[in-house]
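Asks: Going by the numbering used here, the first residue of the first sequence is number 1, and it counts up by one from there.
Quick caveat, the hints were computed from the structure, so don't treat them as lab data. Careful, some of the hints might be misleading.
Once the Cα atoms are required to be at most 16 Å apart in a straight line, the calculated EDC-like pairs of lysine to aspartate or glutamate come out as [said to hold, decoys possible]: (1) Lys263 x Glu219; (2) Lys400 x Glu572; (3) Lys10 x Glu20; (4) Lys175 x Glu189; (5) Lys242 x Asp384; (6) Lys299 x Glu270; (7) Lys299 x Asp280; (8) Lys366 x Asp438; (9) Lys407 x Asp280; (10) Lys44 x Glu28; (11) Lys351 x Asp320; (12) Lys238 x Asp438; (13) Lys395 x Asp443; (14) Lys412 x Glu431; (15) Lys5 x Asp21; (16) Lys263 x Glu321.
Keep in mind that this is a model prediction, so the values were computed, not measured.
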Amino acid sequence: MKAVKATIAKALVPATGLAEDELVQMLEYPPNPELGDLALPCFKLAKSLRKNPNEIAQTLAEALVQIPEVASAAPAGGFLNISLARLPFAKAIVDVAVQDVHALFSADRHRGHRAAVDYSSPNIAKPFGVGHLRSTIIGESIVRLMREDGYEVIGINHLGDWGTQFGKTIAAYLKWGDEETVRANPVRELFKLYVKFHEEAERDPSLEEEGRYWFKQLEDGNPQAVKLWQWFIDESLKVFRKTYDLLNVSFDHYLGESFYNDKMDAIVDELIADNLLVEDQGAEVVNLSAYDMPPCIIKKSDGTSIYATRDLAAAAYRHDELGADTLVYVVGGEQKLHFQQLFKVLELMGKPYASRAVHVSFGLMKFNGARLSTRRGHVVYLEDVLAKAIDEARKIIEAKNPNLANKDQVAKSVGVGAVVFNDLKTYRLHEVDFRYEDVLNFDGETGPYVQYTHARASSVLRKAGGDIDTLTFPAPAGATDDAHALNDTEWALVLQLGQANEALNRAVDEYDPSVMARYTLQLCHAFNRFYHHNPILQSSPEDRARRLALTLATRKALAKALYLIGMDAPDEM
RNA sequence: GCGUCCGUAGCUUAGUGGAUAGAGCGCUGGCCUCCGGAGCCAGAGGUCGGGGGUUCGAAUCCCUCCGGACGCGCCA
């Protein structure tokens, strides 16, 4: 699509006096396919050319029909509507999709750049709730999208394995905990203790003191504190890894906050050398009042460290040691101010990567309309959610396809896919209300619908037999009457395939997987319409060859798109 | 109070300067002797939160008000 837009824009340069790039930007998709495949609004040209928009469209139409890529062009109400020559465009798109689906999506725009993507980052000794789901699956998808677009990506799980909360958990464990119970069910048990701590602390504020005491002990290397802390981490990670396996999520590095404990002094020294650090109410801070922000606390008044300092050290590490020139943080919107402060401090320190640091925020996840509050113990365990979804998928398979070979594997792919897609299809910044009735509904615009479409295409190709991988789009010699070479449902499918590149570019530019999720839906709608209206296997040899090539192109594009949003693409379900 | 984000059909939402505001769920009706009905086709359902402004053109940009979420120094 990009190539055709450029060709058309080029042909319009002389008559409009505009630059090619500008014209490409102006080309849009008409609201109704009967109007054409592309359109150029001519209203802006009216001033400079001093003619009315429709006359301009008429003139441009005459120029455009001269080029072979354009079948027809006509003015309509100030718009120039363009219909493409179907056959050559379809052949170009389908053959690329079949032979090199990466090239259908990507122009490798970011080759030569290395990005560190910080995502998931759950807290040790706390449940991996549906709240963490968003960072994990948005992050995983962003990693895949950026890689597809040419970035070398380092995925980092910035585990919450340090901070005052551990003082609280240690204090609670020593007061009420029991080794056996924790070992049997580590995360849930440790979390119970943490919740109890907060409940008790409301009656007895001296507990807070005790929590701070134990964190101080931890920072000072008290062996008892360190041993418990390490144990909490080991047990928690065992539980988290199961969830990551289920979600097909993997990291290049697990680098928790504690990893930066010995790297913070250097940052503090640097801040002092830069004359940025000042004392304020007993704490060491960077004053940001010139930028309308509260100060960034570097060292608390009791001398212990704080997350901002660790994040500064982590940013430096990712650039200096890991070689990243782009820093991405997939973290909820409630931390927006923190990242604004962080990036500003990096800028004041003269770090070149400050301008290539981006906070990819997202809306909160609610459960049946209610806010999830970790401290009050109001959580929904992701493992329960996934188990329920897999169970539902299993039931539907038993009802609809009882002879399926690998039911467990497919139920997993479909159940998990339903949960992932439900999250990713919504605009990143919107709040997501997690409701079982929606997540477990596999009809309509859902993950299972997309997977079903892929399975359906796979099924046709399986039944077609022969050497599928060498299929190409048949181009009959001298077929100039190309309006008859592809009918409308076939053509609509080609146009969708042709927009894969635009979907990837936008998804990467906006760091928004929902762009890709919605693209898969468009593609599925187009394919299912095509499938319903055209016999494939039982058609004339020429139609059959063309439709099989279209089916294969769609299957490859769908498999790629599903991969990019972190979902499996089963061949049968 | 200040800052940021959000407000589109009963519900979940797409569209962020162009044509008659698109989908899905739910509701109503149609389509399996035919490649997978987790599908396809059709119907009902909209003062795009209210008001003002900019523009040839506004759901989209600006102002203002209303509603909601989040944040505003020693949690992350």
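Asks: Please go over all the hints and tell whether each is borne out by the structure.
Replies: Okay, the hints, checked on the actual structure:
1. Lys263 x Glu219: Cα-Cα ~14 Å, so holds.
2. Lys400 x Glu572: 12 Å, holds
3. Lys10 x Glu20: Within the cut-off at roughly 6 Å; holds.
4. Lys175 x Glu189: Within the cut-off at roughly 14 Å; holds.
5. Lys242 x Asp384: The hint holds at about 12 Å.
6. Lys299 x Glu270: The given pair, whose Cα atoms are some 14 Å apart, holds under the 16 Å limit.
7. Lys299 x Asp280: 10 Å, holds
8. Lys366 x Asp438: 13 Å, holds
9. Lys407 x Asp280: 62 Å, violated
10. Lys44 x Glu28: 14 Å, holds
11. Lys351 x Asp320: 11 Å, holds
12. Lys238 x Asp438: 30 Å, violated
13. Lys395 x Asp443: Between Lys395 and Asp443 the Cα gap is close to 14 Å, so the pair holds against 16 Å.
14. Lys412 x Glu431: Outside the cut-off at roughly 26 Å; violated.
15. Lys5 x Asp21: With Cα atoms ~10 Å apart, Lys5 and Asp21 stay inside 16 Å; holds.
16. Lys263 x Glu321: Holds: Lys263 and Glu321 sit about 12 Å apart, inside 16 Å.
Consistency with the previously given hints fails for numbers 9, 12, 14, ordered from lowest to highest.
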